[in-house]
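Asker: Each chain, letter by letter, is given below.
Number of protein chains: 2
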Amino acid sequence: MPSSGAQPESLETLLAALERLPGIGPRSASRLAHHLLRIPESDALALADAIRTARARIKPCSLCRAPAEADPCPLCSDTTRDRSLVLVVETPRDLQAIEAAGIYRGCYFVLGARLSPLEGVDEQALGLGALAQRALAPDVVEVCIGTNPDLEGDGTALALVAALQACRGEDTEHPLGALRVTRLARGLPTGGQIEHQNASAIADAFEGRRPSV
Amino acid sequence: MPSSGAQPESLETLLAALERLPGIGPRSASRLAHHLLRIPESDALALADAIRTARARIKPCSLCRAPAEADPCPLCSDTTRDRSLVLVVETPRDLQAIEAAGIYRGCYFVLGARLSPLEGVDEQALGLGALAQRALAPDVVEVCIGTNPDLEGDGTALALVAALQACRGEDTEHPLGALRVTRLARGLPTGGQIEHQNASAIADAFEGRRPSV
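From first to last, the protein sequence lines are chains U and E. When the first sequence is numbered by my numbering, its final residue is 213 and no position is left out of the sequence of numbers. When the second sequence is numbered by my numbering, its final residue is 213 and no position is left out of the sequence of numbers.
Calculated directly from the structure, the hints in this document are not laboratory data. Everything numeric in this text was worked out from a predicted model, so none of it was measured. You may find that some hints are simply not true.
Just so you know, same-sequence chains aren't split out, so a pair can sit in one copy or run between any two.
[To be verified] In silico DMTMM-like pairs for lysine to aspartate or glutamate, Cα to Cα no more than 25 Å straight-line:
(1) K59 / E9
(2) K59 / E123
(3) K59 / D49
(4) K59 / E195
(5) K59 / D154
(6) K59 / D82
(7) K59 / E41
All chains, please: the whole structure from these sequences, using the hints.
Answerer: Written out as structure tokens, the structure reads:
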């Protein structure tokens, strides 16, 4: 491309920033950048301000590590939630999906990562010490592991169980021996169809079958 | 969802701003927002700054209307470009695609829109007066219409031709009667396969067939 046909430097900078976002390739970045140049300036600046404000106001909750403006977050300070049960999820989006279902009334712990040796995410990145600390809180009776039902999620779950067992060994005074560690059930997804399930889901459904009545 | 599980207000604002972008639905917005919260703060603010800087520095070139930091833009001020030929394109992205091909050495005029009655885009939005003005420049010999080879692009091309003819009628002193108005060729796309072409492209290829020496 001749240099005279190059795009303005500030547009190139914007394109590069957009391309660093997940799922945004060069074509999407170009579409987004030109959209941001075409819409009313106030609308474009509203996005810039929203990014800046969110980064300034939102920090991880010191208890559950979910992004929040208050610490502890509204969910951790909600006295109507069951504080004896802590669900460990991979991401804040998993937390939101579970909250949207409206059936869970316990607390959370957000890992913010999942074991993935291929991507260089090891046990250190999981912050297992913080989870052990959270599990040691006197009102916690059960830690339920809600990692995703896939390869990395299963590996992460194994690491979580090991870490919780190890911390039980270190702290002999605390009744962590009585801590229940559970995992969300696996089986056929309600609303799905058996003919579309993979072999693993069907195997899970057999292994976890329960007496009806 | 219980109110205690709602997301922070500044996160909701960010999600709303992201969802207004083209091709970004609620799920993509959520993925992008949590990504922007998770990455180093400086990287997130770099995007906010890039949007702000691009909006502050980039304006449409007064000659070709392409987004540029200088006016006229580097392309319009490039004395090595052929100023007798003006290619009319729909968007700055079309301009970039043609520049990337590296074979066109004339100038441009960016419509910034295409006729689309269903979306409420009428002839007024095309800024045909500005195009007529551009075509009246004494050094312009040919205006080539490079709208997209589809329904809206064809409709837009018809409106452009009509506008150029009307302005020729108004200005009797200027030799706009000698202005050539052309359109980019239609036919089989090099590198494509005939079996994958639609009937319109094949019809275009027959209609535009040329003696092979």
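Asker: Each hint should be assessed against the structure and marked as holding or not.
Answerer: Hint-by-hint comparison with the structure:
Proximity of K59 to E9 under the C-alpha cut-off of 25 Å is restricted to the inter-copy arrangement: shortest distance 13 Å between copies versus 33 Å within a copy. Proximity of K59 to E123 under the C-alpha cut-off of 25 Å is restricted to the intra-copy arrangement: shortest distance 23 Å within a copy versus 49 Å between copies. For a Cα distance limit of 25 Å, the shortest separation of K59 from D49 qualifies both inside one copy, at 17 Å, and across copies, at 21 Å. Taking identical chains as interchangeable, the C-alpha atoms of K59 and E195 are never at most 25 Å apart, the minima being 44 Å within one chain and 56 Å between chains.
Taking identical chains as interchangeable, the C-alpha atoms of K59 and D154 are never at most 25 Å apart, the minima being 28 Å within one chain and 52 Å between chains. In this assembly of identical chains, the alpha carbons of K59 and D82 lie at most 25 Å apart only when taken from the same copy (23 Å versus 56 Å across copies). For the homomeric pair K59 and E41, the shortest alpha-carbon distance between copies (11 Å) is at most 25 Å, but the shortest distance inside one copy (29 Å) is not.
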